[in-house]
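Line by line, the protein sequences give chains A and B. Sequence positions in the first sequence follow numbering that gives the first Met the number 0 and run 0 to 241. Sequence positions in the second sequence follow numbering that gives the first Met the number 0 and run 0 to 68.
Don't read these hints as lab results, they were simulated from the structure. Just so it is clear, the structure is predicted and the values come from calculations on it, not from any experiment. Every residue, glycine too, gets a C-beta built ideally from N, C-alpha and C. Any given hint could be a false lead.
As the list claims (entries may be wrong) - Computed Cβ-Cβ distance ranges for the label pairs, DEER-style:
id : chain 1 : residue 1 : chain 2 : residue 2 : range
1  : A       : 112       : B       : 10        : 39 to 49 Å
2  : B       : 38        : A       : 101       : 18 to 28 Å
3  : A       : 99        : B       : 12        : 23 to 33 Å
4  : A       : 38        : B       : 27        : 48 to 58 Å
5  : A       : 180       : B       : 13        : 31 to 41 Å
6  : B       : 40        : A       : 108       : 16 to 26 Å
7  : A       : 104       : B       : 45        : 23 to 33 Å
8  : B       : 42        : A       : 52        : 15 to 25 Å
So the chains spell out like this:
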Amino acid sequence: MVSFATAAPVVGAAFIASTVEIVEAFTIVLAVSVVRGVRPAALGTLAALAILIAAIAVFGPLLSLVPIHGLQLTVGVLLLVFGLGWLRKAVLRAGGAIPLHDEAAAFDREAASLERQAGDWLAGVAAFKAVLLEGTEVVFIVLAVGARPGLLLPAAAGAAAACVLVLAVGMLVRRPLTRIPENSLKFAVGCLLTGFGAFWSCEGLGAPWPGGEWAILGLIGLYGGAGLAMAAALRRRPVSAR
Amino acid sequence: MIDVLKALTAEIVKMFAADLWLTLTALAAVGLTLLAIRTGLIDPAAAPFVLAGGVLVALAVGVARGARR
Numbered sequence: 000m001v002s003f004a005t006a007a008p009v010v011g012a013a014f015i016a017s018t019v020e021i022v023e024a025f026t027i028v029l030a031v032s033v034v035r036g037v038r039p040a041a042l043g044t045l046a047a048l049a050i051l052i053a054a055i056a057v058f059g060p061l062l063s064l065v066p067i068h069g070l071q072l073t074v075g076v077l078l079l080v081f082g083l084g085w086l087r088k089a090v091l092r093a094g095g096a097i098p099l100h101d102e103a104a105a106f107d108r109e110a111a112s113l114e115r116q117a118g119d120w121l122a123g124v125a126a127f128k129a130v131l132l133e134g135t136e137v138v139f140i141v142l143a144v145g146a147r148p149g150l151l152l153p154a155a156a157g158a159a160a161a162c163v164l165v166l167a168v169g170m171l172v173r174r175p176l177t178r179i180p181e182n183s184l185k186f187a188v189g190c191l192l193t194g195f196g197a198f199w200s201c202e203g204l205g206a207p208w209p210g211g212e213w214a215i216l217g218l219i220g221l222y223g224g225a226g227l228a229m230a231a232a233l234r235r236r237p238v239s240a241r
Numbered sequence: 000m001i002d003v004l005k006a007l008t009a010e011i012v013k014m015f016a017a018d019l020w021l022t023l024t025a026l027a028a029v030g031l032t033l034l035a036i037r038t039g040l041i042d043p044a045a046a047p048f049v050l051a052g053g054v055l056v057a058l059a060v061g062v063a064r065g066a067r068r
């Protein structure tokens, strides 16, 4: 039985990361739905979701066959690299060095592109591609944070809950979800994944952390604090340096 | 379909190497920690702190490079 202290960060990481990715995919699917109708949007989305669920169902159990130290090191390093990428981008956005992601602009771009294209088939492919590409990151996160025994199901549940929530809210408002604090979520996920990555990499090297799994919370706090300090430092730069 | 596969491959590469320097610095942090443990340069008990510091350096380098662009 997996303890709450072990499962909660895994579910949280999968839920928040999935929310960010699903919001981005939803923007494209909504554009397809508005410009070309619900049918191609739904068909493209369902086809991509089927592939993503199959990927988790196939690769998840396969990971349990890998020896634990090798798995911890491989997954840890991948999570570290992936999480640092998210954290770096979120820090740069929070510090004003690069622009924030704009869902409304993404929706307008996609809608304009769809209006130029002919045929529902291509619109369905656009929805399929958006869900597949954004979902690939979700699959990686679910597989990575759920790589240890008993954690795949909680991780998948976190991602599924995010999917249901975003789709429910999206269907209710029928607009791009611009009010979701995308960069704050991305920052939080970056800290979570970097924390998990550092923890598992070191465990995989055969060097256990003091405090066991509680060290993950310390690592998340460390990288969160450092990220906030770096964003603040970027904001204090003279405008000419930006 | 070829277009979708190409985009999927690009997405997977981007997931881990959007900023090559960040990826290399993070890999270097893990690699150097492993080397330091294996050569007896540091006690395994100190390795977590060395790695945590290396990851911080990787983040700082990535942010500094991104801000300069």
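Results of checking the hints against the structure:
About 18 Å separates the C-beta atoms of residue 112 (chain A) and residue 10 (chain B), a value inconsistent with the hinted range of 39 to 49 Å. For the pair residue 38 (chain B) and residue 101 (chain A), the beta carbons lie near 49 Å from each other, so the given range of 18 to 28 Å is not met. For residue 99 (chain A) and residue 12 (chain B), the hinted distance range of 23 to 33 Å is satisfied, since their beta carbons lie about 24 Å from each other. Range check, residue 38 (chain A) to residue 27 (chain B): about 50 Å between beta-carbon atoms, so the 48 to 58 Å window is met.
Range check, residue 180 (chain A) to residue 13 (chain B): about 23 Å between beta-carbon atoms, so the 31 to 41 Å window is missed. Checked against the hint of 16 to 26 Å, the C-beta distance between residue 40 (chain B) and residue 108 (chain A) comes to roughly 52 Å, which is inconsistent with it. A C-beta distance of roughly 48 Å is found between residue 104 (chain A) and residue 45 (chain B), which places it outside the suggested range of 23 to 33 Å. The hint said 15 to 25 Å for the Cβ distance between residue 42 (chain B) and residue 52 (chain A), and at roughly 45 Å that hint is violated.
Taken one by one, the earlier hints fail for this structure at numbers 1, 2, 5, 6, 7 and 8, listed in ascending order.
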